[in-house]
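Q: From first to last, the protein sequence lines stand for chains S and F.
So in the numbering used here, spot 121 of the first sequence is number 121, and the numbers just go up one at a time.
So in the numbering used here, spot 232 of the second sequence is number 1232, and the numbers just go up one at a time.
Heads up, some of the hints might be wrong.
As the list claims (entries may be wrong) - Where chain S lies over chain F, by a calculated footprint (3+ residues, C-beta under 8 Å):
| # | stretch |
| --- | --- |
| 1 | 1027 to 1038 |
| 2 | 1105 to 1115 |
| 3 | 1264 to 1278 |
No lab work stands behind these hints, which were simulated from the structure alone.
Think of the CB as a built atom: it goes at the ideal place given N, C-alpha and C, for glycine as much as any other residue.
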Amino acid sequence: MFASYMINGWIMATIIAVVAGAVGLFVVLRGMSFAAHALPLGAFPGAAAANLLGISELWGLIGFSGLGVIGITQLAQRQRRDVATALMLMALLGLGTLFLSLSGHYAQGVYALLFGQLVSVSRAEIWPVLALGILIIAALGLGFRPLLLNTLSPDLAATHGISAGRADFGFLALVGIATAMALPVVGALLVFSLMIGPAAAARSLTNRPATALLLSVCLAVLTVWVSIAAAYISDWPTGFFVGTLAALLFAVARLSRRFHRLP
Amino acid sequence: MSFFNLIFAPGFFASAPVQTALVIGSAAAIVSALIGVFTVLRGQSFAGHALSDISSAGGSVAFLLGISALWGFLGVAVLAAGALELAGLRRSKERDLVTGIVLGAGLGLTALLLHLDIGTRSSGGAAISVMFGSIFAVPASMIVPMLGVSGLAVLMMGLIYRPLLLTSLDPNLASAQGVRVSSIGLLHLLILSLAVTLSAMTIGAILSTALLIGPAAAAVQIAHRPGRALLLAGLFGLIATWGGVLLAYDSYTWTPGQAWPVSFFITSLVSLIYVAARLWAKRPVARRTAEA
C-alpha cells in the first residue's frame, strides 16, 4: 500500500483533500452545492479537448471550468441561479460528448475521468497541483474575513465595500481551480462529494468558523486516506468509498448534533 | 430530390432504429419539458439533475443483470426521489446540501457498479451508454413500456395540475387554500423521476438535465401564462430531439464511418433555443424603452 509507486498518489490526494476541505466549507456556507457539482462535471470534457489539441490535461480542465464560472455568473444575472447552473452544465457536457467521441479513446478514459484514477501519478504531476493548491489556500487565507462576512451577511459586507457579485465570482473561480486540479485524481463526480461531505459534517459539529475550517480539512484528509486504503485492499474504485464516507460523515454529524441538543 | 437528400440523408425514414429513436425521443422530450416547467418554477433544477445523475446507478445495475436499462433507471430514480424526500428536501435552506449529499452517495454507488460491469462483462462501453445515452441502440420492444411510463407521467401531471401549479408559484397561498404542499412536492418528485428515466434512456443519465431544464427555461422566458409555457416547452423539446436525431443520422455522411453523438446535437439545439428565447424575450423591452 505504501510502495514507492503509491507514494506520489498519497501526496497528491492529501494536497487535494486539504484544498477541497477548505474550499468546501465556503461552498456549504454559501449554499453553492449545485455549482460545486456542475463545475467539475462540466469541466471534465476539457480533458478530452486537451487530448485533441495535444496540450496538458490540466490546462484543458482549467479552461473548461473557467468557461463554466464565467457562464454561470453571466447567466445568473437574469435567471435563477440553479437554472443558470443547469443550463451551463448542459452546454458544456454537450460539447464534451462531441470531444470525447472525436478523441478516440472513449470508454476507459471516460470512466477514469468521471470516477478518478489514483494509480499513475508521476512526481512531475505533483508540482503544478501543489502550486495551485498553495495559491488557493493563500487566496482563501487572505480573503477569509471578507468572504466570511459576505457569506454570513451580504448586506453588512456591502456596507464595508465588499461587492456581492465580485465575491461570488472570485469564490466560484477558486472552486473552478480546485476542481481542475482535483479532477484527474478523484474524478469529476466525486470532487464534489469530497468538497461538501466533510464540510457539511464540520459545520454541523461547530459554529465557530475557524474551528469548522480546520475540522473540515481534517475530515476531508481522513476521508481520502481511508478511501485510498480501502480501495487498495478491496480493489473497488476509490470514488465509491469517497462518496459513501462523505455521506456517512454527514449522517453521523447530524445525528450527534441532534443527540447533543436533546436535554 | 438532391436538396431533400441533403437534409435527410438516404434511408432516414426507412431505418428502424431511427423510427424507434423518434418515437421514444418524442415521448421523453414532451414529458421532460412539461415537468421541467414546474421544476424551473419551483427552483428545483438541482434536484432534477441529481435524480438523473443518481439514476445512472440503475442503468449500471441493469447492465450488470442483463435486463433493460429502463427498469434500472426507473427503480433507482424512484428510490432516489424517496430518499431526497426523507432526507428533508422540504426545508429549503438545507435542500441543496442534502441533495448534494444524496447525489454524492448515489454517484459513489455508480462508480462501484460500473467498475463491476467493466470487470465482469468486460464492456467498457457500459459507462458511455449509461452516462451519455445510446438512443439508436434502444430495441423497438421498449417502445410500449416507455410510452406507458410517459402516459403515466402525463396522467399524474394532469390529475394534480392545479395544486401543482399553485404550490410551484406560491406555496404559502397554496397551503392557505388547503393544498397539502408536502404531498404535492413528493408527487412532483415522483413525476420527475419518471421523466428523468425516459430522458436517461434517450440522451444519457448525466445529460437528461438538458431536456428537463433547457426547453422549460426557454419557454418560461417567453411565455407569461402557465398553459402557454407548457405548450412552448413541449414544442422546444420536440424540435431539439427531432433535429438531434436527424443531424446525428446525417453526420454519418459528414465524417465517413463515424457518427457524431445524438446527445451532442440535442444539447446544442437546446442551448440555441434558449439563446434565441432570451433574445426574443429581450426584444419588446428594448422597444418599450426606446418609445419611452
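Q: Could you check the structure against the hints above and give me the numbers of any it violates, in ascending order?
A: 1
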